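Each residue of the sequence shown is one higher than the one before, counting from 208 in this note's numbering.
If you're looking for bench data, these hints aren't it; they were derived computationally from the structure. Computed from a predicted structure; not experimentally measured. Mixed in with the good hints, there may be bad ones.
Only pairs whose alpha carbons sit at most 16 Å apart, straight line, appear in this in silico EDC-like list of lysine to aspartate or glutamate [unchecked claim]:
(1) K279 - D340
(2) K281 - E349
(3) K279 - E346
(4) K217 - D238
(5) K217 - D249
(6) K217 - D340
(7) K279 - E354
(8) K217 - E322
(9) K217 - E308
(10) K281 - D340
(11) K222 - E322
The following label-pair restraints were derived from C-beta to C-beta distances [what the hints assert, rightly or not]:
(12) D291 - Y321: 31 to 37 Å
(13) D238 - A315: 38 to 44 Å
(14) R351 - E276: 18 to 24 Å
(15) S320 - A287: 37 to 43 Å
(16) P289 - A315: 41 to 47 Å
(17) E312 - G280: 31 to 37 Å
(18) T267 - A352: 20 to 26 Å
(19) C236 - T274: 15 to 21 Å
(20) V360 - N262: 31 to 37 Å
(21) Y317 - F290: 37 to 43 Å
(22) E215 - S320: 38 to 44 Å
(23) D216 - Y317: 19 to 25 Å
Positions of the beta carbon are idealized from the N, C-alpha and C atoms, including for glycine.
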Amino acid sequence: MSFTIYTEDKLLSEKQLSALEVALAGVVCSDVPLAIELLRVDEVEIRRLNRETRNIDRVTDVLSYPTLEDIKGKAIEGAAFPFDIDEAGNLLLGSVVICEERAREQAAEYGHSYERELHYLLVHGVMHCLGYDHMEEAEKTEMRAMEEKVLSVLGITRQPVSNE
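With the sequences and hints as input, model every part of the structure.
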């Protein structure tokens, strides 16, 4: 099974995107290739999206817009979603929108690199598109474990950035 990240933004390098695609492919079983759309927006746009789609009028770091329902933890069969397969033959899981300014602020706030924060936000958004959530503590624990699994494949840890 393969995984593709569609993006026109240069938030991550081609090498980073390829590594993420491989790591993400390892967390879901599917009989068709999967895809996610990645978009970068500024604070004004993410606030607008958050207000219009979630009724929360504030800047946030990442928003996810899943296209499929009831797929969490299940093998994904393309035949169940024939209208969500794109012209390249990929099953589109949804869109992930990242606010670059907020990602930079959070990286500094949490003491890790901007690249680590971007990877985390994208993985977090993809997990939402795969049906994971963090509203209940048990769900949060499950989602965090999936995120850490992907990030560990990439060799990305929560280690703080050294100031040396």
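Range hint 37 to 43 Å (beta carbons of S320 and A287) holds or violated: Roughly 39 Å apart at Cβ, these two residues keep to the hinted range, so it holds.
Could one say that the CB atoms of P289 and A315 fall in the range 41 to 47 Å? Check passed, 45 Å falls within 41 to 47 Å.
Take the C-alpha atoms of K217 and E308, compute the straight-line distance between them, and say whether it is at most 16 Å. It holds: about 14 Å lies between the C-alpha atoms, which stays within 16 Å.
Holds or violated: the 20 to 26 Å window for the beta-carbon distance between T267 and A352? holds (23 Å)
Taking the Cβ atom of Y317 and the Cβ atom of F290, is their distance within the range 37 to 43 Å? At roughly 39 Å between Cβ atoms, F290 and Y317 fall inside 37 to 43 Å, so the hint holds.
Would you say the C-beta atoms of E312 and G280 sit inside 31 to 37 Å of each other? holds (33 Å)
Holds or violated: are the alpha carbons of K217 and D340 at most 16 Å from each other? Distance of about 27 Å is beyond 16 Å: violated.
K217 and D238 were given as a pair; does the straight-line alpha-carbon distance stay at or below 16 Å? The given pair, whose Cα atoms are some 29 Å apart, is violated under the 16 Å limit.
Hinted pair K281 and D340, Cα distance within 16 Å: Given that 16 Å is the threshold and the Cα spacing comes to 15 Å, the pair holds.
Go ahead and decide if the range 15 to 21 Å is satisfied by the Cβ distance of C236 to T274. Because 18 Å falls inside the window, the suggested range holds.
With a cut-off of 16 Å on the C-alpha distance, tell me whether K279 and E346 pass. holds (11 Å)
Given hint E322 paired with K217 - CA-CA distance at most 16 Å: holds (12 Å)
Violated hints, listed in ascending order, are 4, 6, 22; each of the other numbered hints is respected by the structure.
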